[in-house]
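Engineer: Here's the letter readout for the chains.
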Amino acid sequence: EDKVVQSPLSLVVHEGDTVTLNCSYEVTNFRSLLWYKQEKKAPTFLFMLTSSGIEKKSGRLSSILDKKELFSILNITATQTGDSAIYLCAVEAGTSGTYKYIFGTGTRLKVLA
Amino acid sequence: GAVVSQHPSWVICKSGTSVKIECRSLDFQATTMFWYRQFPKQSLMLMATSNEGSKATYEQGVEKDKFLINHASLTLSTLTVTSAHPEDSSFYICSAKGMGKAFFGQGTRLTVV
Numbered sequence: 001e002d003k004v005v006q007s008p009l010s011l012v013v014h015e016g017d018t019v020t021l022n023c024s025y026e027v028t029n030f031r032s033l034l035w036y037k038q039e040k041k042a043p044t045f046l047f048m049l050t051s052s053g054i055e056k057k058s059g060r061l062s063s064i065l066d067k068k069e070l071f072s073i074l075n076i077t078a079t080q081t082g083d084s085a086i087y088l089c090a091v092e093a094g095t096s097g098t099y100k101y102i103f104g105t106g107t108r109l110k111v112l113a
Numbered sequence: 001g002a003v004v005s006q007h008p009s010w011v012i013c014k015s016g017t018s019v020k021i022e023c024r025s026l027d028f029q030a031t032t033m034f035w036y037r038q039f040p041k042q043s044l045m046l047m048a049t050s051n052e053g054s055k056a057t058y059e060q061g062v063e064k065d066k067f068l069i070n071h072a073s074l075t076l077s078t079l080t081v082t083s084a085h086p087e088d089s090s091f092y093i094c095s096a097k098g099m100g101k102a103f104f105g106q107g108t109r110l111t112v113v
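Residue numbers (our numbering), protein chains in the order written: chain W, 1 to 113; chain F, 1 to 113.
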């Protein structure tokens with residue numbers, strides 16, 4: 001059965017701290033791994049990773065994928081209170097015409113002022 | 001970026017009635033759309049994959065006669081919760097794949113009283 005596991009489940013840090021969120025997966029026919037940020041409503045897209053070892057960066061956020069060890073990390077440096085959210089990892093898996101996105105449990109991040 | 005519009009954003013209905021939720025891709029064509037359900041403080045649970053012009057593929061444990069999905073065009077998929085009961089109260093989110101990524105609608109909070 002396809003599975004995506006995130007850790008930790010929740011995290012509380014202070015502004016300025018750096019956090020690392022983890023996502024491991026076991027799926028058949030891996031296509032890509034995506035990170036999303038969910039605040040109050042729908043998740044918003046952060047990164048899509050398809051190749052191992054290539055870091056994606058956007059401001060204070062960065063992410064990397066290891067397809068050999070089947071995991072990805074999302075780093076947030078110099079955290080701010082606005083980073084408080086649920087961070088979701090999703091893996092797109094399947095073959096042409098039958099793919100789907102499998103979501104992890106999410107990591108609930110709270111950044112204190 | 002790609003925009004997915006979901007309507008309504010919230011709905012309250014009486015037990016036994018049916019509710020229809022619409023999901024539209026506004027600036028791209030989506031041959032495949034996904035419907036998720038999210039319980040409080042939990043991740044997204046895939047309910048079904050909706051393919052334009054064909055029957056939806058339901059995940060195990062999801063009643064296809066209760067959650068009717070129609071994907072009549074490349075920009076519109078609908079989810080109808082039939083004979084709704086209080087246990088169907090939840091946050092329902094659709095997503096559509098565009099440019100290799102999944103984009104989400106704003107979600108619909110359904111409350112059945």
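It should be emphasised that the hints constitute simulated quantities derived from the structure, not laboratory data. Being a predicted model, the structure only gives us computed values, none of them experimental. Keep in mind that a hint or two might mislead.
If we take Cβ atoms under 7 Å as the criterion, some of the chain W residues that face chain F in the derived model are [stated by the list, open to error]:
#, residue
1, V13
2, H14
3, G16
4, K41
5, F45
Here are the computed lysine-lysine pairs in the DSS-like style, where the Cα-Cα straight-line distance is at most 25 Å [to be verified]:
#, chain 1, residue 1, chain 2, residue 2
6, F, K64, W, K40
7, F, K101, W, K41
8, F, K64, F, K14
9, F, K14, F, K55
10, W, K68, W, K57
11, W, K68, W, K110
12, F, K20, W, K68
13, W, K68, W, K3
14, W, K37, W, K3
15, F, K14, W, K3
16, F, K55, W, K41
17, F, K101, W, K40
18, F, K41, W, K110
19, F, K101, W, K57
20, F, K14, W, K41
21, W, K56, W, K3
22, W, K68, W, K40
23, W, K57, W, K40
The beta-carbon is built from N, C-alpha and C at its ideal position, and this holds for glycine as well.
Engineer: Which numbered hints turn out to be false for this structure?
Structural biologist: Checked against the structure, the hints that fail are numbers 1, 2, 3, 6, 9, 11, 12, 15, 16 and 22, while the rest are satisfied.
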